[in-house]
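Could you put together the complete structure from these sequences and hints?
In order, the protein sequences belong to chains A and B. Residue 275 in my numbering sits at position 275 of the first sequence, with consecutive numbering throughout. Residue 328 in my numbering sits at position 328 of the second sequence, with consecutive numbering throughout.
With a straight-line cut-off of 27 angstroms between C-alpha atoms, the simulated BS3-like cross-links for lysine-lysine are:
#	chain 1	residue 1	chain 2	residue 2
1	B	K36	A	K64
2	A	K327	A	K432
3	B	K408	B	K55
4	B	K36	A	K454
5	A	K110	B	K30
6	A	K64	B	K30
7	A	K454	A	K273
8	A	K273	B	K36
9	A	K442	A	K89
10	A	K64	B	K76
11	A	K89	A	K432
12	B	K239	A	K168
13	A	K316	A	K430
14	A	K316	A	K327
15	A	K363	A	K270
16	A	K270	B	K36
17	B	K265	B	K215
18	B	K158	B	K265
19	A	K144	A	K430
20	A	K363	A	K454
21	B	K420	B	K329
22	B	K160	B	K213
23	B	K292	B	K282
24	B	K76	B	K36
Stretch-level coverage of chain A by chain B, calculated; a stretch enters the list once three of its residues show a Cβ under 8 angstroms from a Cβ in chain B:
#	stretch
25	53-62
26	174-184
27	202-210
Taking beta-carbon pairs under 10 angstroms as the criterion, some of the chain B residues facing chain A (in silico):
#	residue
28	Q21
29	R24
30	P116
31	S198
Calculated directly from the structure, the hints in this document are not laboratory data. Virtual Cβ for every residue (Gly too), placed ideally from N, Cα, C.
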Amino acid sequence: MLKIERRRTGRDHGNIVTDSNQFIEERNVYYRTTMLAPVRTVSTANRTSPLLTVQPRRGLVDEKFQIVITNLLPNQEVTLHSLHQSEDKDFWEAFGHYISDEHGTVTVAKDESLGGTYEGTEQMGLLWSLRPVPGSRSALRLRKTNVLTPMVVNISVYNGHLSQGFSKTSVLATTVTERWYMAPGVQRVNIRENGVRGTLFLPPGPGPYPGVLDLWGGGGGLVEYRSALLASHGFASMALEYLSPDELRTADVDVSYFENAYQILQNHPKVQKNKMAMLGLSFGSAITFSMAAYSTIIKPQCCVCISGSHVVPVDKSLFEVFEEIKKNMDKVHVNEDNHVIQRGMILPIPSDPAQKIDVGRIKCPVMLVNGGDDQNWASVESAQDMEMMMEKAGNRHLLTVLTYPDAGHLIEPPYTPHFRATNFILQEMKEKIVMLWGGQTKPHAYAQEDSWEKILAFFHQHLYSSNIRAKL
Amino acid sequence: MLAPVRAVSTESRRCPLLTVQPCRGLMDEKFQVVIKNLLPNQEVTLHSLHQSEDKDFWEAFGHYISDEHGTVTVAKDESLGGTYEGTEQMGLLWSLRPVPGSRPALRLRKMNVLTPMVINISVYNGHLSQGFSQASLLATTVTERWYMAPGVKRVNIKEKGVLGTLFLPPGSGPYPGVLDLWGGGGGLIEYRSALLASHGFASMALEYLSPEKLKMTEVDGTYFEKAYQILQNHPLVQKDKMAVLGLCFGSAITLTMTAYSRVIKPQCCVCISGSHAIPVDKCLFEVFEDIKKLNGKIQVNEDNHLIHRNTILPIPSDPALKVDVGRIKCPLLLVNGTDDQNWATVESAEDMEMMMKKAGNRQLLTVLTYPDAGHLIEPPYTPHFRATNFLLHKMNEKVVMLWGGQTKPHAYAQEDSWKKILAFFREHLYGSSVKAKL
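Dropping the structure here:
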């Protein structure tokens, strides 16, 4: 519901401003609230006005946009700049240096950025190379918690090749684009049932749809955006909350918690019972391996495990698992920046099967997605060991492994930035640290884009049609 | 709105895929509708469904046959029947009409521009023309159509007795200003201004005909001049890059002000479905009293719809009864439909051209005349209304007003004229030498 408040200013009338995101500002404070300096646009002095277009202006987070600048001078040096204010109120920016062609046009999908936060022909560089503006707090991570509203990104064109001082420089042109996790018609449903907590996202239409149980990692909480995006692609996806010490006692979260969650999803009237999948990242992958190998209830048609490992104690409650993990804290290192490197904890991969999930028991197709520079889990080594185990057990043909050189641990849906190290609260130690995830920005961005495409195709193949390799 | 039936697709090995790109677009933006994974040469019906703010349901549909790959591409393929025919990329929107059983003479207008128009697009097996809510779907999706682009700001204007809504483009500006005037239906209509702001113009939708809020004896030339100045003096508006846009009675105001006012001196004007034969040189009360005197010329057709067009015919030869358009000093674009049954706009345009030739300012005039278009030429892809319910002011009488026009030519007129209006504004308000492309 739109709430309109009337506030009086110093003059006799306060005019109320509302934009399509329903922010309410007083007219007289627009300078304070716009992020750019209130200077006269250079373009009005010229006879031709640079035109900046971003298509679509409202897109999905994993959708490419076309950015074109026209009506520049030929061979004009310009800087294309993106600016975003996160839900935490931090500012993030990215920029690329371009030279217009003989027609005065810059086409980001075709032209090369000669410098900035990204280089080369990078259609989506303005998003995946976003980084906190100078002076920001350190080790930040950009995540959208409220998926009902879009990410709002300001895109601007500046004269010349700038690398700083954007807020004090006048723009040639500017526009605003929105990036949405939820496509039109997607429904968000709170799940609070049988002690299970989560959020279900349903695609538009009467259904029924394949179901995906979506598990994040040791950071805990309830992270909705990946499920929202999966629903936008035709999957009823449930983001499961399983690690929130304030809401769920870790001693109570064990195999039956995940089995309950799976069944709640499977039994939903709009979900197809026999078209189910599990998707996990990090610790969520470990849970996925465990359930797929041992549960008599959880029998998905396929699984995807991102940055995971099978070297995890099984059949215990979360409390017990974390107690086990604590025993290996001596293998946790710290680098010169005091960032925590956890990858050594499960190395060397034990040969004793009792210490690993028996992936030879898995009966459905499994896709592993790993980064070659994962500093948090030894996911590449784990994948190699899993392959060996599955070869021995005779189910190797079910396995697909995608390994991305120089990608880090946090392989997420595309076009959101890469984070090499971010603030993290170690649940088991209740300690604030900076966790090293690894990866280099450009290869990580590539990994996110390519893996997401392949994950969606994998889901389509196993959940929508068995014989046809469905295109995205 | 659709029966919860099991989608046929889950039984077949093929899963029809329906995509609408962009899934969130502006109202005047084209979308690409593509269906894939059908059988080759399969007969399907593409259907759109929308529930208006008034809770009525509107629908449109086209009959297609997939190609040898099982694909339908709406921008390229022909609809063989339905509410539109032929290769019509946007037919699912501009041919929307109330579903069978609806109240008659409805008009589809978005009053709340902060939210999008939500359209359900579905694919059905076979060539259907009814019973959509009971038939089983092959695929469905939802698309949103917005009047406000991201970053556009909406500002309530209530200043010096003037009422309106200002829409500002994103960024720090400043921008050209457009004063946006609707017609005799009254009230405050925001969507065209919202769309103009989405295209880079600070546009103010002016409320001037709302008898409960604004006394008609007090709305005269000074009201419009005050409104123009409020817009012009806004810190984000460029004083010397102003325009006035009017439809119907709003055009009459535009012509009158531009010809006579010493305050309103825009860089250009656009008048849609207007006439110079109704000078708005007195307060609204008196102008409408004058108009009432012409009511004898109102006709009624066999459906009991009111035909208003003859009230100003014949165009008077006495200059005192017309706006002296020879005095206009800025470029003027007229947009008219030949099947306008509400005002004699085509005849008025011919007379204006004559007057301007005589006065020596003919070079300022551009006239766009659309065959078989009606009176309500609005931004594109919203439906055509040949006749709708109307509340005659000061008569407190509900009638059905005949606007005229045929659906397909009217849709073309809306699309083409809007493109040209935006180009006209860009040419005169953004850059003088470059004929800006859309």
